Structures are given as structure tokens and as C-alpha cells.
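Trainee: Numbering (our numbering), first residue to last: 16 to 317.
Note that these hints are calculated values from the structure, not bench results. Please note: incorrect hints may appear among the correct ones.
[Claimed, not checked] With a cut-off of at most 25 angstroms between alpha-carbon atoms, the simulated DSS-like pairs for lysine-lysine come out as follows:
no., residue 1, residue 2
1, Lys226, Lys210
2, Lys226, Lys202
3, Lys226, Lys171
4, Lys226, Lys138
5, Lys171, Lys210
6, Lys171, Lys138
Owing to the predicted nature of the structure, the values given are computational and were not obtained by experimental measurement.
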Amino acid sequence: MYDTEATRGGEHAGTATRRSTMTDREFARFRDLIYAHSHIFCTDAQRPGFEKKLRGRIATLQLASFQEYYALLTDTTSGHDELTACIDAVAVHETSFFRNSGHFLGLEQQIFPQWLQSDRHAKPLRIWSAGCSTGEEPYSLVMTFLESAAHSSASKTATVEVVATDIAPSVLAVAQQGIYSAHQVQKIPPALLDKYFLQRHHAYHIREQVKQCVTWRVLNLAQLATAPRQTFDIIFCRNVLIYFDHQAQAALLEGLLERLAPGGYLFLGDAESIHTFPQSAQKLHFLEMGNAIIYQKREEDA
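Whenever a hint applies, use it, and build me the whole structure from the sequences.
Mentor: The structure is reproduced here in C-alpha cells:
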């Protein structure tokens, strides 16, 4: 049984939040706080959705107002965990298997075969999936690599290591489980679905062969400068830049390129471009692979 007074308090808090409207000042304070800790920037056009997500957190915590919630978030002794949950709530986690199919065709038809035919396959191919959400992207990368390796003379020796990062612990927990609904896997070719998934009841479980190739880490890309420095052959950072302002985009691109090996490949979202970032653009070649634009780091930028 729930405590009657506690239930009434929850109802009161929810009612108060629904009736109150976020003021312009409150919106600016929350927007600036989220930006300071994540570099996710909320525009005026995104305000309704932003406010709705904050209301959800307020209702969950049974708080009475935006003011009370802001006080919790800025409490240095107890607000850190809720700030993480708040950023998790406002972040966009949209993803799917083999999203932006042109990128995976480029990997399958050119990049992976070239790597497998070179002497570099003596070491693992290192890929970073930045902003990996619930895991569809890194698992798609592994499956594509395994398929390419299976048709190569290096099939018995070539390996891949994918580091998958996201700011939100909640989506990483889902990704690590590797369990997806029929709807989530509906666009996966049947041959790959049979080969790399186990169907149990109405869910599809990623096979261990794929899971063991992925390492999961919580990482705030706004704090990339303080993160451990590693080098990758391929970096996927798709549909992340669009949520940052120009200054944060420039800083993130430079951070990515510092971690990309000479000759390595950078994949951005279809709506993202480096043309307005000359410092980063001069370090890259622009490649067209089918209908996809892929960036390759110049060899001289070691």
C-alpha cells in the first residue's frame, strides 16, 4: 500500500507542475546549465520538448516547481546524479541498425576490404562509436566487419575492437544487454539476423560473437579534452554535432581528429558537414562512396 499523504503530495506536485509555465528566465537557466555540462544546446524552437522532458523529471521526483528542480540540479552535494539523469532525459537517443546505409556500404565495399588486404590487419581494427545510444550502431559496425572478413583471406586473423560511448548510462545499459524487439531489427537482412541474433520469444539477442567485440564506456563529449587519449582507425560520430553550437562543434571536431589515426576515416551524419570549420577541414580528404560523404585524415597530419 502507498502512504496516503505521500500520494497526495505526489498529486499536488504533479498538478503544480502542469499548471505552472516555465518562464523565459527559467528556460535560460536550465538551457545554460545543460549546455555547460554537456554542450547540448536547446534552441527556442526546441523549447516545448525540452520543457516536457524536464516536467517528466519533476513529476518522477515529486517536486513542486521548476525552481525546486533547478535548486536540486545545482546542489553540489547531492545534485550530480540527478544532473546526469536530466541530461539523459533531454538528450536525443534516436538510432537504428545500419542507419545511413551508404556509410555501411562504403565500409563493406571499400574501407574494410582495403584494410583486410593490407598488412595492417595483424593488429585489431579500432573503431570508436561516439554517441552510440542503445547499441545499434556499434553492433552494425561489428557485423559489417565480420561479413567483410569472412570473404577475405585474413578471415582467421583479422579482428575488430569497437569502443562505444554515450553520455547516458541508461542507454548504455540497454546496449550492453543487446536485446531488441522485432520492430528494431526489421530492417536487418534476414541472413544477418539469423547469423548474428538468437530469437527468444518475441525478442532478438545479439550473439556473443558480436558482443565480445564491443567495449562500453560512459563519456561526455563536452569533456573530451580531459578524456584518455586513444587512437582509432575509424570514428563514427553521427548526428551528434547537430545538437551542439558552433563553438562546441569546432572543439569536438578537433578532439575527434586528435584521436583519428593518419589515413583514418571519420563518419558524420548526413546533415553534418565540416565545411564551416576550416581548421578541421584542411586535415581531411573528402571522399564520395556511393551516395555517402566520408572524410579521411591526411597522412601528413600525424
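Trainee: CA of Lys171 to CA of Lys210, is that 25 angstroms or under?
Mentor: holds (18 angstroms)
Trainee: Does Lys171 sit within 25 angstroms of Lys226, going by the straight-line distance between their CA atoms?
Mentor: It holds: about 18 angstroms lies between the C-alpha atoms, which stays within 25 angstroms.
Trainee: Quickly compare the C-alpha distance for Lys171 and Lys138 to 25 angstroms and report which way the hint goes.
Mentor: With a Cα-Cα distance of about 13 angstroms, the restraint between Lys171 and Lys138 holds, given a limit of 25 angstroms.
Trainee: Against the 25 angstroms threshold, does the CA-CA distance of Lys226 and Lys202 hold or violate the hint?
Mentor: Given that 25 angstroms is the threshold and the Cα spacing comes to 20 angstroms, the pair holds.
Trainee: Starting from Lys226, check that the Cα of Lys210 is at most 25 angstroms away, please.
Mentor: holds (13 angstroms)
Trainee: Taking only the CA atoms, is the gap from Lys226 to Lys138 under or equal to 25 angstroms?
Mentor: holds (19 angstroms)
The structure agrees with every numbered hint stated previously.
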